[in-house]
Amino acid sequence: MWNSLLTPEFYNSILRATTPILFATLASGVAAKSGICNMALEGILLFSALFGVIFSSVTHSFLLGILLTMVVGGCIGLFMAFFILNMKTDEILAAIAINLIATGGTVLLLLAFSGDRGSSTSITNVSAPVLVIPFIQDIPFIGKILSGQNVLTYLALIMVVVMHLFIYKTPLGLKIRAVGENKNAAESVGISSRKIQYISLVLSGVLCSLGGYFLSGGYMNMFTKDMSAGKGFIALAASSMGGDTPIGGFLVSMLFGAAQAFANMMQLTTIPVELIQMIPYLTTLIGLAIFSYIVMKRKAKLSGK
Amino acid sequence: MNSAKRFEIFRMFFSIVIALLVSFVLIFLVSKQPVEAIVTLITGPFKSKRNLANVVESMIPLIFTGTGVCIMFSANQINLAGEGAFHLGGLVASVCALQLGLPAGVSPVVALCLAALAGALFTAIPAFLKIKTSSSELVSSLMLNYLSLWFCTFILMHYICDPQVGAASFKLPAESELITLLSGTRIHLGLFIALAVAVFGYVFLYKTRMGYELRLTGENENFAKYSGVNIVKVILVSQLVGGMIAGLGGGVEILSPIYNRFSWTSLLGYGWDAIIICTLAKKNPIYTPLAALFLAYLRTGASIMSRSTDVTLEIVQITQGVIILLAVAEQFLSKTKHKMIAREAKASLKEEEAA
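So the sequence lines, in the order shown, correspond to chains E and L.
Following the numbering used here, the numbering of the first sequence begins with 1 at its first residue and continues without gaps.
Following the numbering used here, the numbering of the second sequence begins with 1001 at its first residue and continues without gaps.
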């Protein structure tokens, strides 16, 4: 079994497993940079996984399907922003409410749309296509890892760079960071913190919806009830461990993706499946504790000097 | 009662009404027999003695997790591990009932004590991690819930599984079952334990020194620290007590006449329900039975509705979500609040003038 850890297929599956977590991690990062903890990622993943299936089956098009799903993600972000910023709802409670609505709402919608209970067996959705990259696929070992991935996996990797540039190299990114760092200071130089946080949350919703689409149209080829299975929460952990930066979040979500891929592979062994299922969550928990400890020590050291 | 408090009650009531209206609209959209569905949802629980008993039965676990979360949230610790503690409590109580072979009377007491202990230790993990490594209790508690689920499923499938039934444990012995209070129903002794726990939670939070320190820490951690409150102790105690109650709830639920085997292979969601209970009860455990009654009523109605019409049970989660959103929205109805306060001020001014 350990031999299969060295095959390119294993590393290929790491990238696959990382994709939804990575989108959600980037989504969490942009919200966190503006000072809001977006715990509703779990619900957004679930909603967009369902809407991805519905839209792509109605439009018979991957591109239209994903665009409409992104609109839904943005709308949920907008909805959340309205409650947090205008109605002054506690952000954690608002997120819990959205997650609850997503758990119930997806089942209800699926039933209303197709008559299916629990999984979208009677809907023929359009999955995101797999891309084979010429030249790269011919490179031994690495070619098999990098080529032949889902188009959304490539998009996720590109988004890491895009989000990094957006947050650190554009005026809007600077404003987002300023608001997150100190709301009052940002207000004092004429930045509307409400507007900036609205933008961040909508962007967060859109990014996360891409991960949701991948869940039901890439990672699997249908929607099943509660299919997000805590991936939104794992992303929350990944983002905070990566210092809410796109690059940091990317590295940590790769680690969690690897844990997931490892767990998937272990299912072929005789080790009880229940213990294997614990791997991604245990990795996250231990990773979070270690990273937080390091950050705490570093802070203590800095303030001590 | 002052106007601010009266307004809170009014807003809570209004949130519930709006949430119900939203659900009704949804029912109209998805159902072919909407009127029938809504009528069943509302009147269903009163239709028979059994249905009414169902309301009381499903109230019990909600009171436990609700009270647990009230205590944890009062210290401003967003620890969501109540869900996992409840699950673990159920498993521990089942294992004790199955393996220890204690006589009737002793068996449930021991099983429940150990379930409470397991729950307490479980929810203390995020608190411990927060104190030692400053990692967010929110995220670690979310991960722990999944760990609890898979750990319990592991024990169930490999140690106490009845091969003749599949994914369920051996039959729990009659010695460990909690007594039924009303014959013909499944209302059990757990109801009294739950009510006692709610009262205990109230006394603990509002009538003891520890409870005061706990709420003070929740209101303003820095102020509490400078007033000489031991924050670390407060955080640990609040999470231990909260988890203890949630774990006890899991134990009570599995030893009740409702279950005769441990068969939980997915999270039951009582930890999330607890948050709406805590919201409705305004973090005061004494109101949790009332909030639990409301939610249990809604649940029972929805469950009857899903059996007799084409609307699924999941509609309740949407209702719950909308209630949370509106009930904690500070700006919701803020104009009405303003008017209410202004009216009261005018009235008291007039009184003063008259005097």
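Keep in mind that the hints are not guaranteed to be accurate.
Said to hold, decoys possible - Calculated cross-link-like contacts (lysine to any residue; reagent style SDA-like; alpha-carbon spacing at most 25 Å):
no., chain 1, residue 1, chain 2, residue 2
1, L, LYS1283, L, PHE1007
2, L, LYS1282, E, LEU85
3, E, LYS88, L, SER1031
4, E, LYS225, L, VAL1022
5, E, LYS299, L, ILE1018
6, E, LYS297, L, LEU1268
7, L, LYS1337, E, PHE62
8, E, LYS88, L, ARG1006
9, E, LYS225, L, ASN1230
10, L, LYS1132, E, CYS37
11, E, LYS183, L, SER1136
12, L, LYS1282, L, ILE1304
13, L, LYS1283, E, LYS225
14, E, LYS88, L, SER1136
15, E, LYS183, L, ASN1222
16, E, LYS301, L, SER1306
17, L, LYS1282, L, SER1031
18, E, LYS183, L, GLU1219
19, E, LYS225, L, SER1306
20, E, LYS299, L, LEU1020
21, L, LYS1005, E, GLU91
22, L, LYS1132, E, ARG298
23, E, LYS88, L, LEU1268
These are calculated hints, taken from the structure and not from any lab test.
Now for the hints, and whether the structure bears them out:
no., hint, in the structure
1, L:LYS1283 / L:PHE1007, "17 Å, holds"
2, L:LYS1282 / E:LEU85, "21 Å, holds"
3, E:LYS88 / L:SER1031, "34 Å, violated"
4, E:LYS225 / L:VAL1022, "22 Å, holds"
5, E:LYS299 / L:ILE1018, "47 Å, violated"
6, E:LYS297 / L:LEU1268, "38 Å, violated"
7, L:LYS1337 / E:PHE62, "49 Å, violated"
8, E:LYS88 / L:ARG1006, "20 Å, holds"
9, E:LYS225 / L:ASN1230, "44 Å, violated"
10, L:LYS1132 / E:CYS37, "22 Å, holds"
11, E:LYS183 / L:SER1136, "22 Å, holds"
12, L:LYS1282 / L:ILE1304, "29 Å, violated"
13, L:LYS1283 / E:LYS225, "31 Å, violated"
14, E:LYS88 / L:SER1136, "23 Å, holds"
15, E:LYS183 / L:ASN1222, "20 Å, holds"
16, E:LYS301 / L:SER1306, "59 Å, violated"
17, L:LYS1282 / L:SER1031, "34 Å, violated"
18, E:LYS183 / L:GLU1219, "21 Å, holds"
19, E:LYS225 / L:SER1306, "17 Å, holds"
20, E:LYS299 / L:LEU1020, "49 Å, violated"
21, L:LYS1005 / E:GLU91, "23 Å, holds"
22, L:LYS1132 / E:ARG298, "14 Å, holds"
23, E:LYS88 / L:LEU1268, "30 Å, violated"
Comparing the model with each numbered hint stated earlier shows that hints 3, 5, 6, 7, 9, 12, 13, 16, 17, 20 and 23 do not hold.
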